[in-house]
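Novice: The residues making up each chain are set out below.
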Amino acid sequence: DAGITQSPRHKVTETGTPVTLRCHQTENHRYMYWYRQDPGHGLRLIHYSYGVKDTDKGEVSDGYSVSRSKTEDFLLTLESATSSQTSVYFCAIRDRGPTDTQYFGPGTRLTVL
Amino acid sequence: GNSVTQMEGPVTLSEEAFLTINCTYTATGYPSLFWYVQYPGEGLQLLLKATKADDKGSNKGFEATYRKETTSFHLEKGSVQVSDSAVYFCALSDQGGSEKLVFGKGMKLTVNP
Chain A
1 DAGITQSPRH KVTETGTPVT LRCHQTENHR YMYWYRQDPG HGLRLIHYSY GVKDTDKGEV
61 SDGYSVSRSK TEDFLLTLES ATSSQTSVYF CAIRDRGPTD TQYFGPGTRL TVL
Chain B
1 GNSVTQMEGP VTLSEEAFLT INCTYTATGY PSLFWYVQYP GEGLQLLLKA TKADDKGSNK
61 GFEATYRKET TSFHLEKGSV QVSDSAVYFC ALSDQGGSEK LVFGKGMKLT VNP
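Residue numbers (our numbering), protein chains in the order written: chain A, 1 to 113; chain B, 1 to 113.
Same shape as in the complex, but just chain B (with noise of 0.2 Å):
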């Protein structure tokens, strides 16, 4: 069955710090990828997606490329601040858009000032 594999966490880094959070995933066909953010007490919030290889989504500084011959989304921003604590999900829908997604396991990501 489709499936997604993220790096689990909880990770705590420094304002301005590089973050890389993992994500890999299986799946038949060619399924669309995303990222959600999930901010203390709140629900999930789409943070950017991407629907073919190759492809890169972009958001709030954040960017993820869709690679189809690593079966990876890793997502990545150069320089995080404070306000960027938040659990982070991969998820994947194999079905075109987004009709049913599987989620990954959530990373918590902690930025201290």
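If we strip away everything but chain A, and leave its shape as in the complex, we get (with noise of 0.2 Å):
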């Protein structure tokens, strides 16, 4: 457990609404990540930061942005919500101590109808 939540865990809304999730963390960890899931995709990554207002996009990013205000919060917001963005997402941050590895949060199930 790397002090990671997620908020809403799950959440149910319709085409076109905006919607934000939050990812928090409590370990100050410099690197954070959103990822989502999908059945035959795996997991992909949809923007990551690597310090307060320093972000990036992954392989996934159109209709997505991100926001990272403060170290122990990241953002991830669906401006327009499709129901191509039903998925399950995933934050992680990376632990860069002697194991360098990547540790997730519980992950949140979006539906958007």
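Please keep in mind that the hints were generated in silico from the structure rather than gathered at the bench. Note that this is a predicted model, so its numbers are computed, not measured. Among these hints, one or two may not hold up.
To be verified - Below, a sample of chain B positions facing chain A; criterion: calculated Cβ distance under 7 Å:
| id | residue |
| --- | --- |
| 1 | G43 |
| 2 | L44 |
| 3 | L46 |
| 4 | F103 |
| 5 | K105 |
Claimed, not checked - Capping the alpha-carbon separation at 20 Å, the derived lysine to aspartate or glutamate pairs in DMTMM-like fashion look like this:
| id | chain 1 | residue 1 | chain 2 | residue 2 |
| --- | --- | --- | --- | --- |
| 6 | B | K100 | A | D54 |
| 7 | B | K100 | A | D100 |
| 8 | B | K100 | A | D56 |
| 9 | B | K56 | A | D100 |
| 10 | B | K60 | B | E16 |
| 11 | B | K52 | A | D100 |
| 12 | B | K100 | A | D38 |
| 13 | A | K57 | B | E99 |
| 14 | B | K100 | A | D95 |
| 15 | A | K11 | B | E42 |
Stated by the list, open to error - To list a few chain B residues with every Cβ distance to chain A over 10 Å, as calculated:
| id | residue |
| --- | --- |
| 16 | S14 |
| 17 | D54 |
| 18 | H74 |
Virtual Cβ for every residue (Gly too), placed ideally from N, Cα, C.
Could you use the hints to bring the two separately framed chains together as a complex?
Specialist: Following this line, the structure appears as structure tokens:
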């Protein structure tokens, strides 16, 4: 457990509405990530952050934006949700200690109707 | 670009059977290689990793050896248990450490008593 929480854990919303998912960490890690998990695709990187206000795009960033105004929080926003964004979203942090490993949060299941 | 190809399953085994999950990769340079496991309803957990050729990662009875000549990192366990039922993901990082991970599509394993 790397002290990662995600909120909400489940959300159902309608097409065209904005949605924000929150990732919170308690251990002051510099790197944070947002992934989506879909059947047949494994995990795909949406965006990541390497410091406060420092972010970069991943493999599937279209339709998503992120913000990181403080070390502990990394927000993922769907400006106008679409049904193709129905997925399970995972946040992760990179622990740059001896194991240099990414640790994952419990996930958020998002359904866009 | 970098990619990971792994057996997708699903696979069903009986308790105490031998398990092999194949994973091959394409990458420039010398990637680090990882196996993650996802138990039902949870986020991903690191199972084992290897950072250079011929390294063997091991954990909880699972093993995988980094084979540069065959670009492979196959996961093995000699005797699976019901508690090993999960989805297994192979992943690589080509930037040293775990800064950016590329995942395979995952393989669901069910172990029956």
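Novice: Each of the hints needs a verdict: does it hold here or not?
Specialist: Tested hints:
With 7 Å as the threshold, the beta carbon of G43 of chain B comes within range of chain A, its nearest partner Cβ sitting at about 4 Å, so the hint holds. Restraint check, L44 of chain B versus chain A: the minimum CB separation of about 4 Å is within 7 Å; hint holds. Because the beta carbon of L46 of chain B sits about 5 Å from the nearest beta carbon in chain A, less than 7 Å, this interface hint is met. Annotation: F103 of chain B was flagged as interfacial toward chain A, and the flag holds, the nearest CB pair being 4 Å apart, inside 7 Å.
Interface hint at K105 of chain B: satisfied, since its Cβ lies 4 Å from the closest Cβ of chain A, which is below the 7 Å cut-off. This hinted pair checks out: K100 of chain B and D54 of chain A have alpha carbons roughly 15 Å apart, not beyond 20 Å. This hinted pair checks out: K100 of chain B and D100 of chain A have alpha carbons roughly 11 Å apart, not beyond 20 Å. Using a Cα cut-off of 20 Å, the hinted pair K100 of chain B and D56 of chain A holds, with the two alpha carbons roughly 11 Å apart.
With a C-alpha separation of about 16 Å, the suggested pairing of K56 of chain B with D100 of chain A holds against the 20 Å cut-off. Distance check on the hinted pair: K60 of chain B and E16 of chain B sit about 14 Å apart at the alpha-carbon level, within 20 Å; holds. Between K52 of chain B and D100 of chain A the CA atoms are separated by roughly 14 Å; this keeps the pair inside 20 Å, and the hint holds. For the given pair, K100 of chain B sits about 19 Å from D38 of chain A by alpha-carbon distance, which is consistent with the 20 Å threshold.
In summary, the hint linking K57 of chain A to E99 of chain B is supported, as the alpha carbons are separated by about 13 Å, within the 20 Å threshold. Proposed proximity of K100 of chain B and D95 of chain A is supported: the alpha carbons are some 12 Å apart, at most 20 Å. Among the hinted pairs, K11 of chain A with E42 of chain B is consistent with the structure: their alpha-carbon atoms are about 17 Å apart, no more than 20 Å. A cut-off of 10 Å between C-beta atoms confirms that S14 of chain B is not in contact with chain A; the least separation is 25 Å.
With a closest Cβ-Cβ approach of about 19 Å to chain A, D54 of chain B is found to remain outside the 10 Å limit, as its non-interface label requires. For H74 of chain B, the condition that its CB be more than 10 Å from all CB atoms of chain A holds, with the nearest at approximately 17 Å.
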